[in-house]
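Undergrad: Chains as they are written, first to last, in my numbering: chain Z, 1 to 334; chain S, 335 to 865.
Hints in this document: simulated from the structure, not taken from any laboratory.
Each hint should be verified, as a subset may be incorrect.
If the Cβ cut is set under 7 Å, some of the chain S residues that face chain Z in the computed set are [said to hold, decoys possible]:
(1) V402
(2) F410
(3) S755
(4) Y782
(5) I796
Heads up, the beta-carbon is just placed ideally off N, CA and C, and yes, glycines get one too.
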Amino acid sequence: MAAPFSWIRPDPHGVYVVPADAWIDPSKAVDRALVTHGHADHARGGHGQTVATPETLAIMDLRYNTREGATPVEYGETIRLKGGVDATYIPAGHVLGSAQILLEHAGERVVITGDYKRRADPTCPPFQVTPCDIFITEATFGLPLFTHPPIEEEMAKLLSRLEAYPDRCVLVGAYALGKAQRVIAELRAAGHSQPIYLHGAMEKMCRLYEEFGVDLGELRLVADHDKDDMRGAIVVSPPSALNDRWSRRLPDPITAMASGWMRVRQRARQRNVELPLVISDHADWNELTNTILEVDPHETWITHGREEALLRWHQLHQRRARALAMVGYEDEDD
Amino acid sequence: MEEFAALIDALIYTRSRNEKLRLIAEYLRAAPDPDRGYALAALTDGLDFKAVKSSTIRNLLKERVDPVLWTLSRDFVGDTAETASFLWPDPVGNIAPPPSVSEAVDALSAMTRANAMTELPRLLDRLDSAGRYAFFKLATGGMRVGVSSRLAKVAFAQAFEVSVDDVEEYWHALAPPYAQLFAWAADGEDPPDTANMPLFKPFMLAHPLEETVVGLDDYAAEWKWDGIRVQLVHVAGETRVYSRSGDDISATFPELVDALTIPAVLDGELLVRGDVQGGDTGGAASFNALQQRLGRKTVSKKMLTESPAFVRLYDVLSLDGEDLRSLPWRDRRSRLESFIPRLPDTHFDLSQLVEAKDFEQLAHIREGTRDDAIEGLMLKRRDSPYVAGRKTGLWYKWKRDPLLIDCVLMYAQRGSGKRSSFYSDYTFGCWDGDPDAGAELLPVGKAYSGFTDAELKKLDKIVRQNTLNRFGPVREVERTLVFEVAFDSVHSSKRHKSGLAMRFPRIHRIRWDKPVHEADRIESLRALIRD
Chain Z
1 MAAPFSWIRP DPHGVYVVPA DAWIDPSKAV DRALVTHGHA DHARGGHGQT VATPETLAIM
61 DLRYNTREGA TPVEYGETIR LKGGVDATYI PAGHVLGSAQ ILLEHAGERV VITGDYKRRA
121 DPTCPPFQVT PCDIFITEAT FGLPLFTHPP IEEEMAKLLS RLEAYPDRCV LVGAYALGKA
181 QRVIAELRAA GHSQPIYLHG AMEKMCRLYE EFGVDLGELR LVADHDKDDM RGAIVVSPPS
241 ALNDRWSRRL PDPITAMASG WMRVRQRARQ RNVELPLVIS DHADWNELTN TILEVDPHET
301 WITHGREEAL LRWHQLHQRR ARALAMVGYE DEDD
Chain S
335 MEEFAALIDA LIYTRSRNEK LRLIAEYLRA APDPDRGYAL AALTDGLDFK AVKSSTIRNL
395 LKERVDPVLW TLSRDFVGDT AETASFLWPD PVGNIAPPPS VSEAVDALSA MTRANAMTEL
455 PRLLDRLDSA GRYAFFKLAT GGMRVGVSSR LAKVAFAQAF EVSVDDVEEY WHALAPPYAQ
515 LFAWAADGED PPDTANMPLF KPFMLAHPLE ETVVGLDDYA AEWKWDGIRV QLVHVAGETR
575 VYSRSGDDIS ATFPELVDAL TIPAVLDGEL LVRGDVQGGD TGGAASFNAL QQRLGRKTVS
635 KKMLTESPAF VRLYDVLSLD GEDLRSLPWR DRRSRLESFI PRLPDTHFDL SQLVEAKDFE
695 QLAHIREGTR DDAIEGLMLK RRDSPYVAGR KTGLWYKWKR DPLLIDCVLM YAQRGSGKRS
755 SFYSDYTFGC WDGDPDAGAE LLPVGKAYSG FTDAELKKLD KIVRQNTLNR FGPVREVERT
815 LVFEVAFDSV HSSKRHKSGL AMRFPRIHRI RWDKPVHEAD RIESLRALIR D
């Protein structure tokens, strides 16, 4: 019999499942890829076969225009891979379509979380705790200083600023996939029913969310409107457009950004953000550590982020952990 | 403390000066006494608590969180106070209400190094994260919220619709929490009695002369010295040295404090002794030498002997208790001239008048001057009183023409505030040899002014279309554009790869026409170095 867990092998380009000849979230083109979610650092184009949720496949199709080899798996569904490996897709609560992947082989269970959060999100089903032997987690916000406030507080901040400056607009920088739609949906939940204006780069993704049943209310394109139409309105753009020439067409925008990094004052200042909104689609420190306690794995592997601190936490709690030093998974804008 | 914490955070994220003024003024109007006075002191670095240092906070936190996690967090955040505000465990159960600013100040004043470690937690446990941040900043000083003490005073003046000159004048008479200042401004009570206090009097300032021509019968000419403007005040046995902004810099120049023992308020240029440059009466070093002495809270003996400071006087505001500010310049000048012999000549001399038969000859004298301690000329109306601020037609500064050099645009960085979407800060270089023989460009300076808004738009476009590399907010630009750069002087510097540093570089002209290989070589710039 093979050594325990020898069938699963971490590599700088992704986690390799040996008997299935399959990669999880590979950062290079491979024959068979199991993809957790649609963010570009996890979902790349050019694979022979791509196994993912229908939502993730639709997002990849939008970005890479490739339908070939797409194998959809619904949440809760298990597919049998080559070499007797079973893969089950379980909600991760990160963005539309995001999944943890449970791999089972020879009586051993491995969960790869991809990116995840534990907060409620109107755009995707919540993270499910899944017992396993090896828990492969992210650690994007893996420092004890990261504790995300309740999103209702951040929405209230945004709406009160909007109210205080009826002649200006609030320009919210938000990741085009996930964050933007979540912010819009949360604004709707907070009772904001006015039209929300979008940077052109956001439109298709928002439409795709709507096709999957996420109600975003009335959306308008900035390009179709005059400055005056946008006074007193919320405008959503990718973070890269915040300080760009594009924003010159807006009525005296108050620059906001929705990101977990906004917790640190100088990070917000560096990006010239006047209204930092601490909103993240990743687990914060308490959620990371509580999730590990709940899942209670035999061993934790950490894919990316602030792994030293999370390793230290494991040490302090006498738990086994290792850092995988994966390349290319980083979320500067989330 | 909550309102103060909210103010601090709002100021951190606000770039607009007007918005900062509005935020501070709003706070000052709304907050109770003495909280607002202490808050004002905190903003202007007017508080100092001996018991709490950055290391106190570090030690306090390391008792409560794992030291490794503390260090990793501190490295990520880059600020001890902020990291501590995040990592201090939130209180649980029944919590006392947060302390007011004044309660916090009283507690901090009463603390000793010995009991700080037990006293601080009592306060911290009553605050949330933002409150802890404000509290730590209050305790250790250095708010770093982009507010100068001048800005805080302007905000105070705006809040209560009083004159900022009056605020300046009374400010230094009082200590935090400035109860009398608020009583005067907010409640209309009598202003503080300032007669026997060594207070700063707002400076009289000059307009650039530009195209104006003045007659020398009406105006006297003086050299404009390249030092720092200072005011020396001696009242009731106490001497203070104030900078241009009204900051008390006495501690930086103790030799001047000792040298003035006669009741007077004097206006002049602070310079450092040097044997290279001089003017007529000798003895001033370049600004570079003076810079070594600026911004130091304590001065070593070595500094005092190697770079002793002296003041070249050009005006007198008060003498032997008599306020002279309403006298015409010519009378103040003669009072000054007859007063100077009463001062030690080791530390004071008189700024000489520049005699010329007419304006044309004066222009000629100005052009001929290449002394590094001289920036140009001052023209002062002979019949004008000494008035605070910049009043048109009374004083003019007539700087000598800048030095010019042709440089090549190398890097551009986004500006801030209004210019935040424009590449408006430019780094430029000169050739380190013959560009046709493979010489390279070495960066020699950085400028962000001297062009029009229309030119800025054009420059922004050029940067975007010719980007070679991106380094965060900086873009490396293909070498295609020549700037004619104006600067006041150039000095040797170990901090820069080129070995030199320009003073006040600004874009003089954009040479759209000039090929880059015709830009200047670095030798031309080196030849202009005077240290």
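Undergrad: Does each hint fit the structure? Answer for all of them.
TA: Going down the list of hints, with the structure as the test:
{"no.": "1", "hint": "V402", "verdict": "holds (5 Å)"}
{"no.": "2", "hint": "F410", "verdict": "holds (6 Å)"}
{"no.": "3", "hint": "S755", "verdict": "holds (5 Å)"}
{"no.": "4", "hint": "Y782", "verdict": "violated (16 Å)"}
{"no.": "5", "hint": "I796", "verdict": "violated (13 Å)"}
Hint violations for this structure: numbers 4, 5, all remaining hints satisfied.
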